[in-house]
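4 protein chains.
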Amino acid sequence: MAVLGATGKVGLEYLEMLKEHPWFRVVDVTGNTKVGMKLGEVAPDLPTRLRSLEIKESSPSKIDADLVFSPLPTAVASETESKFAEAGFKVITDASPHRMDSDAPLIIPELNPEHLKLIESRLKSGKGFIVATPNCTTVGLAITLKPLDDSFGVRKVVMTSFQALSGAGYPGVPSLDIEDNVIPFISGEEEKVPAETNKLLGKQVGGKEIKPSSIEIFCSCNRVAVIDGHLESVYLESERVIDNPRAVLETFIGEPQRLKLPSAPSQPIIVRDENDRPQPRLDRMAGNGMSTVVGRIRSGGGRSGKKVLQYHLLTHNTIRGAAGGAILTAELLAKQYDIAG
Amino acid sequence: MAVLGATGKVGLEYLEMLKEHPWFRVVDVTGNTKVGMKLGEVAPDLPTRLRSLEIKESSPSKIDADLVFSPLPTAVASETESKFAEAGFKVITDASPHRMDSDAPLIIPELNPEHLKLIESRLKSGKGFIVATPNCTTVGLAITLKPLDDSFGVRKVVMTSFQALSGAGYPGVPSLDIEDNVIPFISGEEEKVPAETNKLLGKQVGGKEIKPSSIEIFCSCNRVAVIDGHLESVYLESERVIDNPRAVLETFIGEPQRLKLPSAPSQPIIVRDENDRPQPRLDRMAGNGMSTVVGRIRSGGGRSGKKVLQYHLLTHNTIRGAAGGAILTAELLAKQYDIAG
Amino acid sequence: MAVLGATGKVGLEYLEMLKEHPWFRVVDVTGNTKVGMKLGEVAPDLPTRLRSLEIKESSPSKIDADLVFSPLPTAVASETESKFAEAGFKVITDASPHRMDSDAPLIIPELNPEHLKLIESRLKSGKGFIVATPNCTTVGLAITLKPLDDSFGVRKVVMTSFQALSGAGYPGVPSLDIEDNVIPFISGEEEKVPAETNKLLGKQVGGKEIKPSSIEIFCSCNRVAVIDGHLESVYLESERVIDNPRAVLETFIGEPQRLKLPSAPSQPIIVRDENDRPQPRLDRMAGNGMSTVVGRIRSGGGRSGKKVLQYHLLTHNTIRGAAGGAILTAELLAKQYDIAG
Amino acid sequence: MAVLGATGKVGLEYLEMLKEHPWFRVVDVTGNTKVGMKLGEVAPDLPTRLRSLEIKESSPSKIDADLVFSPLPTAVASETESKFAEAGFKVITDASPHRMDSDAPLIIPELNPEHLKLIESRLKSGKGFIVATPNCTTVGLAITLKPLDDSFGVRKVVMTSFQALSGAGYPGVPSLDIEDNVIPFISGEEEKVPAETNKLLGKQVGGKEIKPSSIEIFCSCNRVAVIDGHLESVYLESERVIDNPRAVLETFIGEPQRLKLPSAPSQPIIVRDENDRPQPRLDRMAGNGMSTVVGRIRSGGGRSGKKVLQYHLLTHNTIRGAAGGAILTAELLAKQYDIAG
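Residue numbers (the numbering used here), protein chains in the order written: chain A, 4 to 344; chain B, 4 to 344; chain C, 4 to 344; chain D, 4 to 344.
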């Protein structure tokens, strides 16, 4: 198993989460500016074995692994990931360029494990492929919409986000911009969330294609002075009367829970009943950062009656929304298709 | 003119705004715990004339004025304001208890000056009355909905707020609760905004009654680590196709602008075209804190096509949303009915 | 073992740290307003055994324990702690009232374990007593001064603090006071630190008395917008030439390390060599919050030459500076005098 | 009068302060990346006359002015400023490279106007020169030390700073670094403050040379999450007994006050008597950002008795500490030597 771009902020988070992984063993790492150095010169706190790895170029010919994680920056991810896939590697990426590719499954393991069929024939014939994970703002929304859509048929969603600083990477947001302030815009985000969510909730048709869902999704994406944890305020309209949405959310589980995958939280969705939760600082580490916390569930009101639902959700953007989500996806792939990491 | 509860945080803001007012002259102030002291002992930075005023009890018999401003805390506002009105005073309040009273006009001077007819007969016969101003979160929303409703017919609104710390008063929100955090709940707010907005946009019927508007309004009210300025993210659906909403918002003016009232901003709504505005810290003082700043206007999308609009708005919660709004209301009243302050 | 005032913020931290303690078992808890309720009604996340404890009055006759921890608020600590001591209890307190009592040892286990001799005769004759732990701002300063004083003789200290919000308790500092701000004053703190530090570094004379050290200590105590972790900037002058202060600090250990007490960090002082450490958010959990992190050590300069030292230190104010420090003190007492908790 | 680097953050602050200046008229501006554009394309909110200026290269041959302000970044300031001086321009700079040059006066107009004699002969012979203003952290310290040194003889200073984000420029400090944190290091700052302060308080000898003062100054420079306003905690030791330091500080005035220079505050030092002032957010705009606010004055204590003084001071780092300080210096130069801006 290899980690591309391992010396960046997110790359280091992968190494941290993988250092004691029961299935996966990092045998190669790549970087951009520090090629030839030992990983330990960049990350002195890693275990000895990892520190001794040499940082290589992000080039398929240099890497001795089957599966690669790609937390590469958007600018280079597109081409590099394609090269690796063409060279026969299994690429799991949390970068955005290939998410909407028709031959790349976009996966949240609890939601749409069957989308992996898209790459099944390539897998069996030993060819490479790309499996993508969604944007950090999409993840929590899609996780909560899945059981609600299954139960009540979601027709329309209005989502307003309160996104954490770490979502912008490092150095990211200047402190002078965000202190005593909110920034009511995050580039590209309001387009990604609807497209990705509808792909995630789409139907896999005949093993070859994903027919996206057709929920109308309106987003407003905003940056707030919070370190980690994306909070989202959701309004939705359903096809059918909404009954006991709390139970529908709280009892939702998926393949990772059934298969007891190592990084799977026991509950993908945790419901809090206090009237002022979820809160980023208090709830972001729920389920080791892998659970989405939902609160303030309220339905009904207005002429729309029992076909309207409002709630807040919180997801840890750099764990479930990045490295953790990708690792869980790799675990699902490994388990379903009996691949060693 | 008197200010009740003048020694509280909001009371002092009234005194600050009134100290050089061209029409109104503060001749009496009341307080709770500091009765008998000179105002200057509490507020040493006020002009000499104000500093020398004695702090009196909030009792009608002690006050030698015609018009009183009431920034009293909710707990005492209800009874005290009623007593003053019964004793013949003209009460302008930004407290909540009487806002929904059927005989109390709820006023934003640019929106519904005709609602003052509700108190016209009492005014002419020398009787007292209460005129209320809305909640600080309602104000900006209602100001922007008014021209949009007149032009396109607003059917449904989903509003998510990012509210400032000063909205909770002092000491208000503990720093341990809000540092590196968002609190997704503000007590009572999500109920007040729909009710007040529909009253503000309602029709005055036969001089006696307000028939509220019937817009479906869904709110999510949240506290963020910002000192002043309520930011709101708005989604709305209209009856008619939305065409050039930017112009509709920007060119909106009302009676205060036509009458050139002293506290009226030249534009009730200022539109910013940058993709990351309005921002609380940068925009809250627009129009001396009396203008609502709108940005990120985007319409269309989804099946709803041209009958959907999204935007952000920002209103200074302690100026337009409290003292400033009440003073502008008093100016309107004074001008329309030729009352000296 | 009992915890007085267990339902307050600090009380709950004691319960959290004690819930799996290898030596101590909480058998009684007291509270103020919630007497008669089960602890689980206040703290639903505690283990079953603790949740089932009944909250009792803070009265000696109600408590069935030998040792009591007292995180009581200052206002009630003085009298309540005295009552418990008179009734024969061993009281360990992190409250301030008894810290400077001549018959109460003030203890940082690594610094002055021999001060416990003050209570030895009472202990042996089965009488009660009070053992105090220092102010959260004193702790880190005293821990770093001890080895420096032993090696070089500290003559004068100028300390400026950057103290965390949690040091003010809850609700504590209003967010409106600290957002985009620093508050350059904390009541009482600048007097406590010199007095307590000199008592801590004092000599135990003939088993009966503490002769305080006589370091001149000048403090400036300030509140900053940080959740946990008191940062202090220290300047000091010594009697003797300062040589290799880094080694003196880093190699310092005390009785807790030698006795391998359960809550003892392996290093009381951790030295960081980066030029921008220690930082509150990055370093406060060093040694599980029990280590003091020192950085930016620089000596020499000016006419004072090699008898001047400057450094920064960081101590977790609610762990080492409160509950953790008191529990470590109890562990020392238990080990030295063979007491069961 | 010209402003070099006028399109940067500090450059725009100069334009803002100069746009209605009674003496100085900006006739030329220079920039780096935007040469050839109109100033109005970069700064649409400036008055018409300024908006129409063309942005030129920072080259002496392009500039038609006598006096130039240089808020250039350190990297280019050294060479560019020298070129302008050699070409006969009067350069006023707030950049650091030339501050310690033996032939460049370092000026705070209230402190050392006589240091301008260093450039008097060049001025009279029509040659160019550089006049520097100090680092934003030096300014407030030096202003308060001047009257204290004159009255009591300052021997030693220990200063710990709480510096604002704007001191690091834009984008400056990443929000991820400073949220819930303090950064205990600012590169170069701890060396500049002692050197500059001693030059500022130095004696001008025979019109040719500055003999620096010899106060021992120990600094600890720290970044906190505050937008504007550097707070400093000061400890000092004096030669003589300190008597009524409050009066000494409060009554201090200098040439700018005597000459009634346009940007001079009526009081260079404002003393606050509350025990929790100065605070950055509340006090930074004192005297339009040109006054230094001092509080928490306390003397005596320890063996050092009445020869020790402690206090806090606050100075607006981008006004008095940058553009405002440079403009006041230009005003002094213009008045003393009868130069038109």
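Check each hint, because a few of them may be wrong.
Note that the list lumps identical chains together, so a pair holds whenever it fits in one copy or between two copies.
What the hints assert, rightly or not - Okay, derived cross-link-like pairs now, BS3-like style, lysine-lysine, Cα gap no bigger than 30 angstroms in a straight line:
| # | residue 1 | residue 2 |
| --- | --- | --- |
| 1 | 12 | 206 |
| 2 | 309 | 120 |
| 3 | 195 | 310 |
| 4 | 59 | 127 |
| 5 | 310 | 65 |
| 6 | 338 | 130 |
Bear in mind the hints are in silico, worked out from the structure with no lab data behind them. These figures come from a predicted structure and were not determined experimentally.
Check your understanding: Which of the listed hints are not met by the structure?
Key -> 1, 2 and 5
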